[in-house]
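Line by line, the protein sequences give chains A and B.
Quick note: the first sequence, position 105, residue 117 per the numbering used here, numbers continuous.
Quick note: the second sequence, position 1, residue 384 per the numbering used here, numbers continuous.
For the record, the hints were derived by calculation from the structure and aren't laboratory data.
These figures come from a predicted structure and were not determined experimentally.
Keep in mind that a hint or two might mislead.
Said to hold, decoys possible - Quick list of simulated restraints, FRET-style, between CB atoms:
#, chain 1, residue 1, chain 2, residue 2, range
1, B, Pro456, A, Leu119, 58 to 64 Å
2, A, Thr14, B, Ala478, 42 to 48 Å
3, A, Thr14, B, Thr859, 44 to 50 Å
4, B, Asn597, A, Gly105, 29 to 35 Å
5, A, Ser121, B, Ala866, 25 to 31 Å
6, B, Asn597, A, Ser121, 14 to 20 Å
C-beta atoms are modelled at their ideal positions from N, C-alpha and C, and glycine is treated no differently.
Here is what each chain is made of, one letter per residue.
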Amino acid sequence: MTRYFTEDHEWIEVEGDAGTVGITDYAQSQLGDITYVDLPEAGAAVKKGDAPCVVDSVKAASDVYSPVSGTVSESNAALADAPELVNTDAETGGWLFRLTLSDAGELASLMDADGYAEFVKGL
Amino acid sequence: MNAPNTSGWRPAMGEAGSGESALITASGDRGLALEEKLIFELGRPGTCGVDMAEPVGDVLPGLSRFLRKAPAPLPGLSEPETVRHYTRLSRQNYAIDLGPFPLGSCTMKHNPRLNEKVARLSGFADLHPLQPGQTVSGALEVISELADWLITLTGMHSVAMTPKAGAHGELCGLLCIKAAIEARGEDRGVILVPESAHGTNPATAAFAGFSVENIPATADGRVDLGALTARLGPDVAGVMITNPNTCGLFERDMKAISDAVHAVGGYVYCDGANFNAIVGKVRPGDLGIDAMHINLHKTFSTPHGGGGPGSGPVVLSAALSPFGPLPYAARAADGSVHLVEEEDAAAMGHSQSFGRMAAFHGQFGMFTRALTYILSHGADGLARVAEDAVLNANYVLRSLEDVLSAPFGKAGPCMHEALFSDDGLPDDFTTLDIAKGLIDEGFHPMTVYFPLVVHGAMLIEPTETESKDGLDRFITSMRSLAARARNADPSLKSAPHLAPRRRLDETQAARKPVLTWREGS
């Protein structure tokens, strides 16, 4: 399993052609208390850079961009009753949706954990 | 009679917040600070404040199934109890008539009482939209004269008066753009929206059926012209730009942006919600804008706090005018004004209209107030409004920039609103703490956490309403709050202390909102 990061503060963990997407711990700390997550439906086709998901916090409603293209296979149902999981477990239990990648080549444009840590340091 | 109080004597009043204030009263009220229940928790079943006529005769055949089987669950209050309930609630409210209301982007300016006097004239107030046209010629004259002023002030070709508010005006403008593109037989689905635009802009574009793409802002808080022109192409229907923008800055490249968008066949929508900063100074028509809404309820007074509805007429360029909505006021050769409706649109050369935004002619009560405001100020007075609004905002900006971070303070003067961030506050102290502290100071908080391009934004719009004394009082409070935050004063973290309620759990209110009252809950 390999984890990649975007400049828009999403992470994606990839195994084979299956990816799990969430927002980073840095992103949740900037958003403040998450109040609602608008999740995509299974079967939805997304392109890299589309915003299939919206995270609402006490401060703002923020689009979550898909790091890669693919078809949504599952959303994190636990977030319907407990959106605060994105605050407490952003990079584990607070994942947002899973998708089946249509072009693994798109991963090449993303950052690894060290690269993302450097990127955040520069903000 | 009016001898000055040279001795400075005043009656002993006790100090708020001293030990005595811990006294618990039997009523729950504290002096004249009232603890008001919901109306459903008041009164007694069966009490009625009005005399209802007893039903006469039998229920009409076929209607008996609609008869109530149980009494309606209405609160049972007498008239004085009802009056007191709402008056007591009104005392817990904060309004522009009580003090400064520095909400950025909302333009909470004073509503001159002359507006109200004129709007209450029975010839304006007691009209019905279905009255025959010849009985409302004065009202039509108001619509036409106001339209002329808006066209003159903006340097545009025509104006659609019917949209009912700012976002409704945005939709009207985008529907004009859509109709114009369809009339050319083209298919353009993308609207570009810069980060510095109002939050309603992307929502409007999406609602009108366009897809939205963001354009980044430059480091000085303005549209990135290079990024914008790089994205332009045959799929772009237009751009939506807020000018002055939500950072309180004038988009200096506006003409270059318009020229670039027009060169590829697109249209320029300008969000004119902040027109109060440039009215009488800049004509949007000179900047190449194709459509712009004007919030009558901001720029020309009667803000939301006035309690009334909004009104968002849209001025249109010559290119978009043929597609504007019906009805509109037209002046005939004999000087009379009538509303052009579907029946005579073709005869009036307006057959390409995209349709209607509203059932009737728009928010007439706002038209009378806006026209009163315009005529009582005159052209020179309106320019002075913009000057004073900008001067007041810059006074706030320069009076606070040494204690609060002003991200664009170095970029030159601001327009009508001053923008600060939470940079430099201690880690635990946030914009929210400053906002809550302002409540204790007796001010309505500023806009917080918007625009998003600034971290922990505090957006302050004083408007031209505030005197220098009033601004100085506000600045003194803000400086005190900034100092308390910098000194990590724990009492600021738990503010407000002096409001009817302490700090509310906003997170829980959003996650698990309780929106209806239930008996016994």
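A quick look at each hint next to the structure:
no.	hint	verdict
1	B:Pro456 x A:Leu119: 58 to 64 Å	holds (60 Å)
2	A:Thr14 x B:Ala478: 42 to 48 Å	violated (57 Å)
3	A:Thr14 x B:Thr859: 44 to 50 Å	violated (56 Å)
4	B:Asn597 x A:Gly105: 29 to 35 Å	holds (30 Å)
5	A:Ser121 x B:Ala866: 25 to 31 Å	violated (47 Å)
6	B:Asn597 x A:Ser121: 14 to 20 Å	holds (19 Å)
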